[in-house]
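From first to last, the protein sequence lines stand for chains A and B. If you're matching positions, the first sequence starts at 1 in our numbering and goes up one per residue. If you're matching positions, the second sequence starts at 1 in our numbering and goes up one per residue.
Since the hints were derived computationally from the structure, they do not count as laboratory data. Hints should not be assumed to be uniformly reliable.
Said to hold, decoys possible - Lysine-lysine pairs mimicking DSSO-like chemistry, simulated, CA-CA at most 27 Å apart:
| id | chain 1 | residue 1 | chain 2 | residue 2 |
| --- | --- | --- | --- | --- |
| 1 | B | K407 | A | K29 |
| 2 | A | K232 | A | K185 |
| 3 | A | K258 | B | K58 |
| 4 | A | K359 | A | K409 |
| 5 | A | K87 | B | K58 |
| 6 | B | K17 | A | K8 |
| 7 | B | K350 | B | K147 |
| 8 | B | K182 | A | K135 |
| 9 | A | K199 | A | K51 |
| 10 | B | K17 | A | K258 |
| 11 | B | K285 | A | K401 |
| 12 | B | K17 | A | K185 |
| 13 | A | K359 | B | K17 |
| 14 | B | K58 | B | K74 |
| 15 | A | K199 | A | K87 |
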Amino acid sequence: METINNLKLNESYTTETLDNGLRIFYIHKPGFTSSTAVLAVPYGSLDVMQKLPDGSVHSTHPGIAHFLEHKLFESNSGQDVMESFSKMSASVNAFTSFNETAYYFTTSEPDFTEPLNLLLDFVQELSISDDSVEKEKGIITQELRMYMQMPEARLMFETYRSLFVNHPVRLDIGGTEESVSAITKEELAQCYNGNYHPKNSVLVIVSGLECGPVIDAVKANQAKKKFPAFEKHTRYIETEPTSINEAIKTVEMDITAKKITYSFKFDAFDGSPLERLKKEWQVRLYLELLFSTYNPKYQTWLDEGRINDYFGFEVDFTPEYGFAMFFGEAENERDFTALVHEGLSEDVTLFLNHFDHLKKRFYGQAVRSLNNLDDIAVTFARCVFQGLDYFDYMTLVNELKQEDILEAKAMFDFNRSTLCILKGKSE
Amino acid sequence: MGEMIHAGRYHISATDKFKDIVLSVRLMGENREPDVTMRNLIAQILIDRCALYPTKGKMTEKCDELYGATVDTKTSSYGNGHCFELRAKTLNNRYAPDEPFDGLLQFVRELFLYPLIDEKTLSEAKTNVLASILRQEDNPSHLSMMKACELGGSGTPLAVSSQGNKKFIDSVNIDELSAYYKKMLNDDQFDIFCVGDVHPDRVLNQLRKTFDFLNETNVTQTAYVSEVSPYQEGQTAKQIEQTSLTQLYATQTGFGHPRFSSSRLAIVMLGQLPSSLMFQEIREKRSLCYSIYASTIAFDGIMFVSTGISPDNTDEVKRLIKVQIDTLKSGEFDDDLLKMAKDMMISSLKSLSDEALAEINFFYQRLLAGKSPTMDTVLDEINQVTREKITEAVNYWQPICSYAVTKEQQHGNHQ
């Protein structure tokens, strides 16, 4: 067991890896009544193709990681897992993202070990029947339809499809109605066996309770269980061209507020996780100076009605892909792209007097995020999977220098940009 | 919990467990149009620019100097009342060397006293408020909820959207808005909350000085009980695949009424837990939906159910919702369900102290309803709920409206 302290943030965590490979991280939050535990595996929607230990590549139906997340809530004793948590006054939930599936609960009860044991038990054992797999398809279909008629979710989905040719980030996390309906019990079991194992799992606990007894309870739980030898399935990604998939895409929906994204594809970043994170911050701060209120043109853009307060941008860098996306509500998509070009052609050195202001802002935001137990637990688990130290992740922005962000300009290649328009049917 | 100190309309919770200090200034006015639209316009203008920081850039710079302080406004309805909230946060002094909270208070005072209400800021605010309304209308589940409230609450505050109304935006002019803002500061009931690592006496003095322009004697009435109006159904057709269904029920039980805790627990049993009746019957057993839940618009005496379903299943889902409510009415539910609902609600209330804004909201509602602002009182009320009390409370529920935003009827092709 090892404890890592960060005096500046006034936080610490204790970590231990059990004999079966399960990595435990415990963040003690004195004064907090609640406790949160997250058990996560680095298996998400992007793992739709995986390389098996024998070297072969196994293709699965899109949405299978998400389907598996739904089905794990069924225990082999026939009990309803969610109901069991409720009986313990614990609130349980789960999510599947591109890169991970996470199961978590929160409770304010002083007996934290009972729901913690249940979390470990239900995630570490798969028990499904053909009937229950069929039944779940109706529920997931409704979930997919719900997201597809939310304009923002639809716009993001279509943007990914425009940017990427092969990479599975272009697939909806939940799959399609067709792919979901084709998923079988056997396929789910195969994916479970190749990805769910203590060696491939991280348990993050954030609690006001003392660490020792809780970790002892986890050890006792794990000591009772035997797991088969684990041969991890690894993500297989087909080569992604540097070019974008579609330069312009228009999608019609029954909406009144036209929405637009204008996005730039970047190369995948192959440096260390910390270098990758630094790169992401460089681009983010660069765009923040050019496309926020620190640029006097921002007010002009608003006054001229070229953007409204919905305007913003996102940046994402991963070892497999990268992009920057501008989004807004505007009548004229050509003018929107022109606006982005105008912003990107600005001399960022004119605004560097605000560089330290931005650093203060993002440092403040990082510190404040330490108030939320669920956020801490999920972010911590993601850091572990990405090979990042949590405290480095929280404080990296303080290490950035002005000259770092000047490199960002060269990354924007207009030949690798895509425009995605979500417009009303009557237009 | 229970550490919040109340001094008149100032409410302070001193705790060092959070990394920041949260300030919430709440002004309660009447929930009626065109006031609500004007309050939403003011909500935009107040945090946009002010005399001392006359550009967005200057405003941002000030916030960033205060370690990424955030200053936001939010509007919401509480029955007859409409709450305008300015919410500000900054790091507490342990994590920032130059005591940013003192600077934040001065900044917030500037915003309230010297806002820039002119043609430019008003025009921008109108654009933003309208865009926000359209965005909500483009989301079928939001639209369904808004339409249900308009239909079921016609002529009452329930029908007034807390985010303003498209019809009134255009006609608001500067003189009218400036006059309304003055009236708002003069006449609204205010409550100011501060949660974080502060010294209560010191911060109380600071708050009193900062907000000396507000009138401590004002009172705005909020909670009322929606009358049982004749049941109505409504529908909006859109080109969508999933129907967003909202059903409203008059609970005939006001916030703070002796039946309130029973009615609130019944809502949890109906649709707020994985073991709730609707979730089990409609989602788990029959796979008819992904999301179905019940909730309350407590200050209007309303319970509502919301779900997303296939258009073909609408009648069946409506029938099943009614069956679940009838189960509560007849008292034919498991003891376990009531116990779980109580335990989960108590657990959730205990955890409020881990989230500054949740704690503030809890106390605010109690204060508005004139109820004892202590957690122990609420926990006692929940513990005393019995099967009979649930049955009694649910028998007062009356359906008043059902609204569906649903797929357009396909006309036959003419080939």
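Hint check results:
no., hint, result
1, B/K407 with A/K29, "violated, 49 Å"
2, A/K232 with A/K185, "holds, 20 Å"
3, A/K258 with B/K58, "violated, 31 Å"
4, A/K359 with A/K409, "holds, 19 Å"
5, A/K87 with B/K58, "violated, 52 Å"
6, B/K17 with A/K8, "holds, 15 Å"
7, B/K350 with B/K147, "violated, 35 Å"
8, B/K182 with A/K135, "violated, 59 Å"
9, A/K199 with A/K51, "holds, 17 Å"
10, B/K17 with A/K258, "violated, 44 Å"
11, B/K285 with A/K401, "violated, 57 Å"
12, B/K17 with A/K185, "violated, 46 Å"
13, A/K359 with B/K17, "holds, 24 Å"
14, B/K58 with B/K74, "holds, 22 Å"
15, A/K199 with A/K87, "violated, 30 Å"
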